[in-house]
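Chemist: The listed protein sequences correspond, in order, to chains A and B.
Number 1051 marks the last residue of the first sequence (the numbering used here); no jumps.
Number 519 marks the last residue of the second sequence (the numbering used here); no jumps.
Treat the hints as calculated values from the structure; they're not laboratory data.
Note that CB positions come from ideal geometry on N, CA and C, so glycine has one too.
Some hints here could point you the wrong way.
[Said to hold, decoys possible] Residues on chain B that point at chain A, a partial pick, calculated with CB under 8 Å: (1) His-405; (2) Pro-471; (3) Ala-475.
[Said to hold, decoys possible] List time: in silico SDA-like cross-link candidates among lysine to any residue, alpha-carbon distance up to 25 Å: (4) Lys-482(B) / Arg-169(A); (5) Lys-481(B) / Arg-431(A); (6) Lys-78(B) / Gln-442(A); (7) Lys-1033(A) / Gly-72(B); (8) Lys-855(A) / Pro-210(B); (9) Lys-481(B) / Asn-491(A); (10) Lys-219(A) / Phe-410(B); (11) Lys-480(B) / Ser-484(A); (12) Lys-481(B) / Cys-220(A); (13) Lys-65(B) / Arg-431(A); (14) Lys-380(B) / Glu-352(B); (15) Lys-517(B) / Val-446(B); (16) Lys-329(B) / Leu-391(B); (17) Lys-482(B) / Gly-226(A); (18) Lys-325(B) / Glu-372(B); (19) Lys-824(A) / Ile-191(B); (20) Lys-411(B) / Cys-220(A); (21) Lys-889(A) / Glu-190(B); (22) Lys-411(B) / Arg-227(A); (23) Lys-435(A) / Val-48(B); (24) Lys-789(A) / Glu-799(A); (25) Lys-65(B) / Leu-437(A); (26) Lys-217(A) / Asn-491(A); (27) Lys-480(B) / Asp-223(A); (28) Lys-55(A) / Ser-536(A); (29) Lys-855(A) / Gly-216(B); (30) Lys-60(A) / Val-29(A); (31) Lys-482(B) / Arg-431(A); (32) Lys-999(A) / Lys-1013(A); (33) Lys-481(B) / Gln-480(A); (34) Lys-824(A) / Glu-190(B); (35) Lys-480(B) / His-476(A); (36) Lys-217(A) / Arg-140(A).
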Amino acid sequence: MRYIELHGRSSYSFLEGAAHPDALAYGCVKLELPAMALLDRNGVYGSPAFHHIMKLNGLKAHVGAEVAVADHATAKSPYYPLLVRTQRGYKNLSRLITTTKLRAKKNTPTAATLLELRQFADGLVCLTGDEDGPLADALRKGGKEEAKHLLERLKDIFGPENVHVELQRHFRPEQERRNQIAVELARELHLPLIATNGVLYPTPQDQEILDAFTCIKNKCTLDNAGRLLAVNAERHLRTANEMAQLFRDLPEAISNTVELSSRLEFTLENLGYEFPRYPVPDGGEEIDFLCAQVWKGASERYGNITDRIRNQLERELALIRQLKLAGYFLIVWDIIRFCRENNILVQGRGSAANSAVCYCLRITAVDPIAMELLFERFLSEARGEWPDIDLDLPSGDDREKVIQYVYRRYGPRGVAMTANVITYRARSAAREMGKVLGFGTQTLDRLSGALGSWEWKDPNDTLAIQFRRAGLDSAHARIQRLMSLCERVQNMPRHLGQHSGGMIVCQGMLDEVVPLEPATMEGRTVCQWDKDAAESLGLIKIDLLGLGALGAVRDSVELIKRHYGKEIDLAHLPEDSKVYKTIASADTVGTFQIESRAQMASLPLNNPQCRYDLTTQVAIIRPGPIEGQATRHFLLRRQGKEPVTYTHPILEPILKRTLGVVLFQEQLLRIAMVAANFTAAEAEELRRALGSKRSEQRVKALEPKLRSGMTANGLNRQQQDEVITHFRSFAKYGFPESHAASFALIAYSTAYLKVHYLAAYECALLNNWPMGFYHPASLIQDAKRHGLKYRMVDVNRSEWNCTLEHEGTEIVLRMGLRYVKGLKEESARLIIAERSRRIFHSVADFCRRVPGINKAELRMLAISSALASAGETDGTKSHRRDALWLVQKYGGWIRHPLLEGIVENDRYSPLLRMTLEDRLVADYEATGLTLSQHPMGYRRDSLRRMGIKSGVELTQVPDGRWATAAGHVSCRQRPGTANGTMFITLEDETGFANVIVPKNTVQEHWATACNHKFLKVRGVVQNDGGVVHLLAKSIVPLEVSAARMQSHDFH
Amino acid sequence: MLFTCVFVPFFPIQTVMRNVPETSQSKDKRPELPVALVEAGENIVRVVLCNEAASACGIEAGMTKTQAEQFGALIRDKSASAEQSAQSALIECAFSFSPRVESTAPGIVTLDIAGLERLFGSPAKINSALQAAAASLGLKVNVATAHDPDTALIAARGIEGVSVVPQGQEEQCLGPLSIDVLSPSPEDREILEEWGIQTCKDLAKILPVPLTERLGQEGLRLWKLTRGELRRSLVPFDPPRRFQEVAELEEPVELLEPLLFVINRLLENILEKLNARALFVQELHLELSLDVRSEDWHINQARHKEMPQTFERTLALPVPMQDPKTLLKLLHLDLEAHPPHAPILRIALTAEPARPRYTQGNLFLRAAPEAEKVEVLQAKLRSIVGETDMLNRNTVGAPGMVDSHEPDSFKVLPFMASCSEKKALPAPQSEEDMLRIYRPPRSARVRVARDAPVHIAFSGISSAILQSSGPWRCAGSWWKKKWEREFWDIELRLTAGLAQYRIYRDVLTNGWFVAGKVN
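Assemble the whole structure, with the sequences as input and the hints as a guide.
Modeler: Written as structure tokens, this is what we have:
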């Protein structure tokens, strides 16, 4: 007897199913079920994953969904199980779900109407469902008569051959009563019977997960969920024999499953997706229009088109013609054109930078011909997928403008953001499962705090140990339940989010390809698949990513134009030795990509002198090159401390530019092609392996083939081992060269702006924060060391953003109101509007004229000294406490016309002026930063007496000597590549001191290292060509200031 | 008027530490030990308070016990009972000096010492004596005397050891103290901190009108406190009355009747006392001292010697009562149901008093039996059927629904005073469908063939099963005590005719039971 399970839900039904599609597929393999249908609720979220895994195992995945249908949507609307029979059916299902979803806001119950069901019924098969299905609903509402009426209506909508009366047997009497009526009605109306098990989980034990999900959904605990929980655990996958036994009285119900399955011809293989055609002006061919644009762009980009350029462009265009990708390039070109016309900075990154066509279309800014980049990395005949173009845009409004342009251009149902499936991770699992089991909030806070707070994980750090660290007894039965649930729900989908920038565009209607849903953000739709699912089904995606640095660059250019009177052409920034000198001396705080501590430590050693050097610089601080020792060898070779050698002469042309070291993904692909005789398609498989989550295993699987190829090319065992090591280490993530080159361009631009237009760049940085590696407090201290002057927030002068002011010939930076903590943007706008009428002449005047500001905001303004100028308009001096005293009285007054013009006499307070320490504390409390000296600076004399070296002094200490450094902990890191070593960056008034805390010292001084703001560290200096680290031996806390200074901890 | 305040710094810590046996450290050194108090949440133990020495080590409130242990401090559990007993001891100690004592707050007592100079000497001497008395209780205290209770309290909070604030010099004496001694609200504390006001002197300097304009009446109150200008009356401590009667018996009593005779007398005395204060009984506590060594009794009972020497019963009443007959009857029934295991030597009867409950009669309320009668009836029933069943459910009360799939799950709730809400009538149920449930279910022997029961034997019935329908499976509570059952509806031919039963198999124990009979 054969049986096909035609009704199953996965965890992609979001809390209404407890099986990952992989687990269901595994169950099908194990129980020898040749096919299965996945019918998630109101969506096909899990179908791509299910299709993929079933296909891999030679099984068939039927597509369908349980769609809520009711004329008035409620949470209890019946769910109609709909199976897709044909491609038309899939399109209808997708449009039915989209129509339903887009009608309501995100996360509100919605249902299709019967009219819509009729409209989109073609190509679908309707089952009568389980206890949440239409038949049970009709029986509940009107008994057998109503049920008969329903079946007649379904027959009418779907046609008699497309309605199956569904029977499930979960050993429940009320279900059996329903079944008896269903069988009677089926006989009466000549409808086929079909047996399903309404699968919600692969094995009976997984019922526990479903119960937990039910509790999360209903916001209750297992103890008080009562009858919300399932009555038994029978909704699991069953073998054909078990099902046949269960339905031995109705054998046709079993055989009908096979018959119906054979009629369901549709799978996700034939999705019917088409990339949108670009509307060519004058109705010409896309490819001709593209060629024209490319050659036009080429003459602008290159001026003189050499043979080499011509050949490359022709080769690329021929391939684009062959693969019919002209429309895609034109669509991206169109977005770029929109950005240019609207003065929005945009830059292509990723593998698109390998294409000269992209360069000519101004999609990318890197010349791939000059850089000798590998075009095949971007596009190749062998690839069964679309090319990938990522566009970096300034974060915020500009990016949103572009996204909205794409929506306008292709219509709300022709484009959607890709989804981001948020899955259970250790913390979220512990929190939610803990709640379900009835643990208190405090315990759960503690538990999520103890779970995975640092990137580096001790290999012995089992869940049980982490639980114990949180103070929970892992031997306790309920804790064991918690641990078990946590482990089992890991990686299960929790809810659907929105991908940060991926957009899918489709010819015609995208809603026929994948159901669309409303996004939380107004004016956006999101499709039901994430980027991996979309990619695996061949949907083309354009990533519109937000990059804070681009926003800063854009703002800098505007500020330079306004305040320096200069136009900056970012595309043609000169190669400036001063900029490279600054970069090489690691003076890069605030620049893009090369500002992190690891980057700064390697900059003097790499000593970049040109754009390509910067490209390598960007690429070396990645987990792949670091773990594979490529970074170390490269830096030694750059310094001439190690000879440039090649594993084999065959590799020399590939690795020459990177001194014999593998730094980029393209190099690996070339090595595979040249040294191991991989075809382009095989190299492509390798590329995918390198980019995948299970890259290490996949690279390992390709190893025999690599070795045999290398043996054929004469590489001996040792040489082969070296090459394999490169592959393995790259599996841990390294950059493609094109991507690094794109980033290097932005890095150079930011460094250039910082060196030549410090005020403008710093202003733009502060306005675009949060971004980068440093807190504004550190950025400001760094800029001050470079001579920039700052002015405090002032209600009579500051805008919401930071601005530049001219003081004589000097440009100073005025802090914006955005830096006053707790001050709402709306309040700031009120201040600015009122100030534009006339300036505030006293604190009372301010309080009265801007009554919308609450007392807490007023106090913050007073503490930050933003009200100082209002109190000093008659030339007298007042201090912050005067303002505090006054806002406490006048704050919250209601505007009253009778009080207009009344001058308050009390301008001063009986309070004492703040001390230096008070002011520091106040600065950090109100703005999170200080424009005065760094707190360490005030204590320098006493610190010196304690034998403590400043950041600058530490760089003078010879290698191997003992020294003591101290400072504010600006950053703590425990990266996954460092085997438990912690990196602490101490900041003082002279700069930074880099501390390395070995694993054993971390363990010894854990509490001090992690909890204190100021630290004194004694250790051995490692001075390697000016790159100085202090290898910590002891760490003690230091009392410097009570100011609430923040540290940037990478958890 | 003259008031003295006794203040115990880090009161919860001191209360715990005073009961710790002597260590190598002397008693006065104890507060210097780093000590952190922890309190257990449901699974996590956190620091709730630590003394200065512990703070200096790096311990902070909110840390977990494990974290705090790393700093080498003494970790102790916070104890409400220790605090209560220390407070009582402190009050007792204060009463030994003055008849007017106020239990101001935990760890703080204030005494009216006006006129005590003749007895104990000057205020300074009284303070020292109080300090010494507190030290003998294991508490290190600050003692301060002033002309109003608040000033005395502030001085005791802020000044270590003993101090006397002379009248008229309050401002000078309190001036150097931190404003924390005034216990301002967190919001006011924040504002004052921003203003740079650290001490009482700083606050006292500000003019009251502008201060009131900014901080309102609370600002003015704080200002007056700094100047010793607030006057309030002491709220004398009224020790809780104990309503207890004890009777020592000359001969051990073995029988219930003479025992009840004595209990009745004690009860009447207690009720008389309660009546005088217009109080009723909320709870009756009976403690009987037993003569477990009685030779005769041992011979009779043939029990071994390790027997508890006291026997205790508590009657918690649903409503406060005062009727001696009812109360005696309840005690009678309770003792009948739970007889003491040895002759009685001593009887102690204690009543927890409560104010009588006055309820307005409702015109539409159905007449219900008096609460006393209901209680007596329930007690009678309990004495017959026992208090709880094998599932630890009450045996007497009103059945209540349980939201569970577990078949026949219900709870038994105490009878509540009837409410005016109308109860919905249950839906009519056809007689044929009715299942008469056996409680407890009857054990059965079932023979199974081809996954279905074919023969059953239970309660003297042994029959082939004519028809069966099932299994119907249900399970639940997997996260605590799992249950799982398989139900069958069966039909048997008995001599009286056909009969239907519902039977089930407990999957976990594999035992068969008859759940009930279908009518």
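Chemist: Quick check: which numbered hints come out false for this structure?
Modeler: Violated hints (numbers, rising): 9, 16; every other hint is consistent with the structure.
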